[in-house]
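Colleague: Given the coordinates of chain A, work out where chain B should sit on it, guided by the hints.
Protein chains in written order, with this note's numbering: chain A, -7 to 244; chain B, -7 to 244.
None of these hints come from the bench; they were simulated from the model.
Among the hints, erroneous ones may be present.
No distinction is drawn between identical chains; accordingly, a pair holds when it is met within one copy or between any pair of copies.
[As the list claims (entries may be wrong)] Listed below are the simulated SDA-like cross-link pairs for lysine to any residue, each with C-alpha atoms no more than 20 Å apart in a straight line:
| no. | residue 1 | residue 2 |
| --- | --- | --- |
| 1 | Lys55 | Val44 |
| 2 | Lys55 | Leu157 |
| 3 | Lys55 | Gly82 |
| 4 | Lys19 | Ala148 |
| 5 | Lys19 | Cys152 |
Model, not experiment: these values are computed from the prediction.
2 protein chains.
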Amino acid sequence: MSSNPTACLLVIGNEVLSGRTQDLNIKFLATGLGSIGIPLREVRVIPDVPEVIISTVNEVRAKYDHVFTTGGIGPTHDDITSECISAAFGVPWEPHPEAWARLERRYEPGEFNAARQRMATMPRGAALIDNPVSIAPGFTMGNVHVMAGVPRVMQAMWACLAPSLAGGPPIVMAAVHARGLAEGRIAEGLGAIQARYPEIDLGSYPFYRTEGSGVALVAKGNDRAAVEAVIAEVTAMIVDLGATPIQGEPAI
Amino acid sequence: MSSNPTACLLVIGNEVLSGRTQDLNIKFLATGLGSIGIPLREVRVIPDVPEVIISTVNEVRAKYDHVFTTGGIGPTHDDITSECISAAFGVPWEPHPEAWARLERRYEPGEFNAARQRMATMPRGAALIDNPVSIAPGFTMGNVHVMAGVPRVMQAMWACLAPSLAGGPPIVMAAVHARGLAEGRIAEGLGAIQARYPEIDLGSYPFYRTEGSGVALVAKGNDRAAVEAVIAEVTAMIVDLGATPIQGEPAI
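So that you can see chain A by itself, here it is in the shape it has in the complex:
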C-alpha cells in the first residue's frame, strides 16, 4: 500500500474525550477512505483548545497527504475549528461569500444572527464542502478537509467531498474465521505466512461470542491475487489444525 496517498483524521471535541459521546466517525471515514485507496494512517482525538488544534493541524498536514477533521464548526463558543484552521495556515478568517449567501437564504429575515454568521466565516481561500443536511458547509483548505462532527451531517459532507479526492489503488480486504481455534495455536503458522507476503497486512483478531469464540484472520493490500493467496494459505492451515474455516467474517 506504499503507493497510496495517506490520511490522518482529527476528531476535535471535548465530548469524545469526556466519554459523553461514542465516536462513530472514525469507523465510517476509515472505511470510506480505504474504499477510495487513501488509507487512514492515524487518528487523533483532541480537545477544543486553540493551541492544541493549531499545532496538531500543522504537524499532521505536513506529514500526511490528506487531513480530515470532524467537529467544532457550529455556531457556539466551543466551535473553534474554523478560526484555528485560519491560524494554522496564517490567513485571515473572513466571511465566505457563497457560504454567507447559502446561510442567509436558509434563515428567516433577522434570524441570520452573529452566531450563525460565524458558520459562514472561513479561512481565506477555503473551498466549500456542500452540506445537503443542514446547509452550513464544511471546507477544504490546502490538504485539510473540515467537516461537521454530527455523524449524519459528516456523512453527507463526505458523500459530496469523496468524488473530488484522487485516491490510489483501492485496498482489497479478505477474511476467514476459525471458530474454536485459539490464537496461540495458529500464531506460528500465521507469522510464517506473513513473512512470505510482506506487502500484505495480515491481522489476527480473537472474538468472544456466546455462540462460540475463535479468531478472525484478515488480509489487506492492493494486490487482490496476493490477498487471496494469503487467505488460501491461512484456510489450509486452519484445516490442518482440524478446525473448520468459514470464509468471510462473522457479523461484529
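Modeller: The following block gives chain B in isolation, referenced to the frame of chain A:
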C-alpha cells in the same frame, strides 16, 4: 481541572484504522478516567508499526501523567506492543517470572508454546495488571499502562488497575437539554455564561432524533457548585427563549 493529573490513550491496531472494528475502548476509558479525576486529554489511534509505536509512546509519556495503551499484546505476529514498550524505555524484553507462571498453569502440558510465551515476555521492570478474563496479564511500565484491545478483557484489566491510580478531584458533569431550540439561538447567551465561568467547560451538542431535535448543554469541572450554577443559568436562558428545559441528558 488544572490540578488534575492528565491521561493520553493510545489505541494500537490496524483494525481500527481500516474501519474493520468499531472502537469501544475510548468511551469506556474516557468515562472511567474522568470518574477518578484523571481527565483524558488526547487519544491517538496508531498502526502496528514498530517505529510509530515507539516514537509515539516516548512522545506522549513525556507529555502526560499517564499513558494507557490498548491492543497488540496477544500471541500473534501482529501483537508487538510489548516489544515496542521495551524499546521505548530502552530495557530488555525478557520473560516475566510471575506472568510466565500464570500462563504455564493455564495451559495443558505442551500447550504453552513459543507464541504463548511471548505473552509472558515483558519489558524488564514491568508490574503486572491482572487479567481475570483470559489470564495473560497487562503491565505498567513507568507511567505507561499496557492493556488488551478486546473490550471485555480491557475492562477487566481496568477494574484491577484503577484502584492503584492516584487520581485528582473527580470531574463533576451536569447537563440540561432543550428540545426544539437551535444552537444558533442560544449561542450568544451560552458564550456569555462561559465567559463568566472560565474554570468550567461548557459544551453545546446538537442532537437530531425522530422524536425531536434540540441541543444538549453539558457543564464539567471540579467545582460542583459552579457546575450547578452554570446549568441553572443555562436553564433560565432556555426558559427566557420560550423553550422547555429538561434536566439531564436524553439517552444517546
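Colleague: Does each hint fit the structure? Answer for all of them.
Modeller: Comparing the hints with the structure gives:
no.	hint	verdict
1	Lys55 - Val44	both (17 Å within a copy, 13 Å between copies)
2	Lys55 - Leu157	within (18 Å within a copy, 35 Å between copies)
3	Lys55 - Gly82	within (18 Å within a copy, 26 Å between copies)
4	Lys19 - Ala148	within (15 Å within a copy, 24 Å between copies)
5	Lys19 - Cys152	within (18 Å within a copy, 29 Å between copies)
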